Amino acid sequence: MDFHGGLKLPLNHELTIDKPLTLARPPKKVCVLLSQHSGSPAVAAVEPGARVRLFDVIGASIGAVSCDVHAPVSGVVESIGDFVHPYYKYCQGITIAADPPSEADQTLGFNEAERFSIEEICDAARKCSVIDTVSNNRPLHVKISGLKPEAVNYLIVSFVQNEPYIHNMETISHIYLDEIMSSISYLSAALMPAFVFLAVPYHMIKLITAIDNKLAQNRASYKNFKIVRVTDKYPQANELLLASSILKTRVTQSALANTHKCLILDASTMFHLYEALKFGKPQIECHLTVSGYGITKPANIKARIGAFISDIIEQCGGFCGNVNSVVVDGLMSGYSQFTLDAPLIKPNRSITVIPTERLSSSGEERCMRCKKCVDSCPMGLDPARLNFISRSGAHEKAEGAGIYSCIECGVCSYICPSRINITHSIILSKKMIMETNVRRRNNDESI
Amino acid sequence: MNQFDLAVSIHPYIHSPLSKGAIFLNRLLALSPLALLAVYHYGVMALAAILTAAFFMLLPSYAALKLRGRRLADIEHENYYYALLFALTLPAGASYYMIAAGALALNLLVFFPRGSDALRIINPIAVVSCFLALTFNEKLYFFNGPRAFMSGAWFNPFPSGNNSCGFLFNIHNGEFSAVRESAGGVAGLLSGWHPGHYGELSVTLIAAAFIFLLLKKCVDGAPFIGAVVGLSAAAALLYCGRGFNAVMAEIISHAFASMFLFYSCFVLTDYYSSPQRYSARVLFGALFGALFVILCHYSDGRDCSAFSLAISSSFVPLLDDIFSSGGRRE
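Protein sequence lines correspond, in order, to chains A and B.
Take the first sequence: its position 430, counted from the start at 1, is 430 in the UniProt record's numbering, and no numbers get skipped.
Take the second sequence: its position 161, counted from the start at 1, is 161 in the UniProt record's numbering, and no numbers get skipped.
Read the hints as simulated data drawn from the structure, not as lab findings.
Just to be clear, a hint being listed does not mean it is correct.
[Stated by the list, open to error] As a list, the in silico SDA-like pairs of lysine to any residue whose alpha-carbon atoms are at most 25 Å apart:
1) A:K430 <-> B:I10
2) B:K217 <-> A:A60
3) A:K431 <-> B:I10
4) A:K8 <-> B:K217
5) A:K430 <-> B:K217
Because the structure is a prediction, the values reported are computed rather than measured.
Let the hints inform the model, and build the full structure from the sequences given.
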């Protein structure tokens, strides 16, 4: 299964692929950001000085696309204020001075039920604030609410992760395969799709074998399940490209839900959904691949949200050599941090530390129209033209050139021999167009 | 660690190892054996021609760097590549005035208007070659293009003392026309490949250089594929009355004309003046291939590559418009 364009990137998994999943040290202080998901940030539901227990709701959802935020530790609320967010913004966060961890904190019930209706699943996802990383961190209950049984043709569960240094999906899938498969079967029983596709990249051979064995053990439960081997190319994990590869047809955002009736989720979301359904456990943890040649002891870490990036790096032995950049969530689509005091949030999946000598430092040169960006663009756009339009300031022309189809995967910038940061130009154009539209709307309203 | 030591930029944070400098360096490396072969075969004249072309090609760029207070070492590999490419298309016995004029014109066309979208209809090498043919050619026949190092008077299909060697000799030699009429004869022609023959060695080096660049991803293969397809289709249409084997022989003859091969591998694939989309590039190449056959058929010049490419390039904006895509529109 393949898609047009894209690239095979060097995965560099050798640093961490054989390392076990380690728990992060219990933090002494956490800062829980109220914007853990896309949509409206939550609103603080506690006051400074209040005592909170593990899993308590400390941020209440507001608006249609929002979800609660839960305390990842028991402790006392120190302060509520603006904090730096790993995704280049500031938002409100709640700082909690954590109590020492105790066994009582971990007690959760167990739901013996083996069948759930879609409403129950939606309710559990909402109460436990599970987010869906495939659709840009949208709350899961928002994505699946309103779905009726047999209204979904294809349920696609993605095990795909083709970015360098990151393999938290593969790590979680190996360790929690039973839970993930159970969660998929609950959702499949509730929605009754025609097919359930488990999309696994070619290079995850051990995972393919493990899933194959799992399906073989219980054919009756998994009768409409099918493993689909997808390409190793980046950005195969994007939901549109995944659907296109599997369904072998071009898929747009609206056609995904309306025409093809596809529901795409990823394995880590299914794992958190399992915890929500069976234990009522809110999503307060993230699984990270801490890697890169700038970190002393690369590791796979299970950390609580609100823990600081600096604490995780310290647990992994600190920096090794001259470090220039710390990137969260992947070298292709992630965010370089200007401070290590940024707290972790739910969708975080990696911390990559790059030593100075490994960064390409040459400046931009003139575009030579090599067309490598055009040939590699998975959305069929002309990134060179979009870059030219953006830099000439004629941002409104970019709309006609299909700029809103751009998924900002970074493939064009990666492949450009002239080292032009095309992704930056496209993001800038989108912002400028949005500002212009907002200004026009405000002017129309004031008239 | 001091947080202010961390570099912040937009993603992606890694890049392909293939840089602009590396692409043009690889291209220089690929063309070097051809240049060395030309110098070996033709002697000091060829070396003087290459050096003259390089000097006048680099002179404006050096001057521009000096005016901006930059070092001469900052000159891009692109300059050297175009200088060598131009030198290898020079006609036999080209005067130094011709070389100098061509190189200066090439520098102007390559480096100055490159910001303009509209000027992509100009393929610099093709346009300069046409300009030189029209300005300096004594006969002033419109389609009588300049003959390069690898063809014309300096390319001798009849090596002295040996009248029956080489695949290209067999193709062009009328005494073997009877052989061309049978399928076995065509296979026999192909098996007559003679690497010691200058023309065939240069063709071999062109092919090897192109394959090297394809493997290194430093050249685009789409126009070349189109050129071969276009040439084959045009030859089939023009010569279909003479039988299948004659058509095959004409296709092979045209395809292995060294200037056609050189142009379709290195000049047609010029990044700046080819269309954006893959399908458009194949069609662009096909147009070049077809025009090449047509111009060769209706003119008395053997190498019509430059004029074919100059005409094909004028269709680049149209091809871009036809094949443009707005992405996965809703």
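Hints versus structure:
Using a Cα cut-off of 25 Å, the hinted pair K430 of chain A and I10 of chain B holds, with the two alpha carbons roughly 15 Å apart. Restraint check for K217 of chain B and A60 of chain A: not satisfied, since their Cα atoms lie roughly 53 Å apart, outside the 25 Å limit. Only pairs whose Cα atoms come within 25 Å are accepted, and K431 of chain A paired with I10 of chain B is accepted, the gap being roughly 14 Å. Our distance criterion of 25 Å between C-alpha atoms is met by K8 of chain A and K217 of chain B, whose separation comes to about 14 Å.
The straight-line distance between the Cα atoms of K430 of chain A and K217 of chain B is roughly 32 Å, outside the 25 Å bound, and the hint therefore fails.
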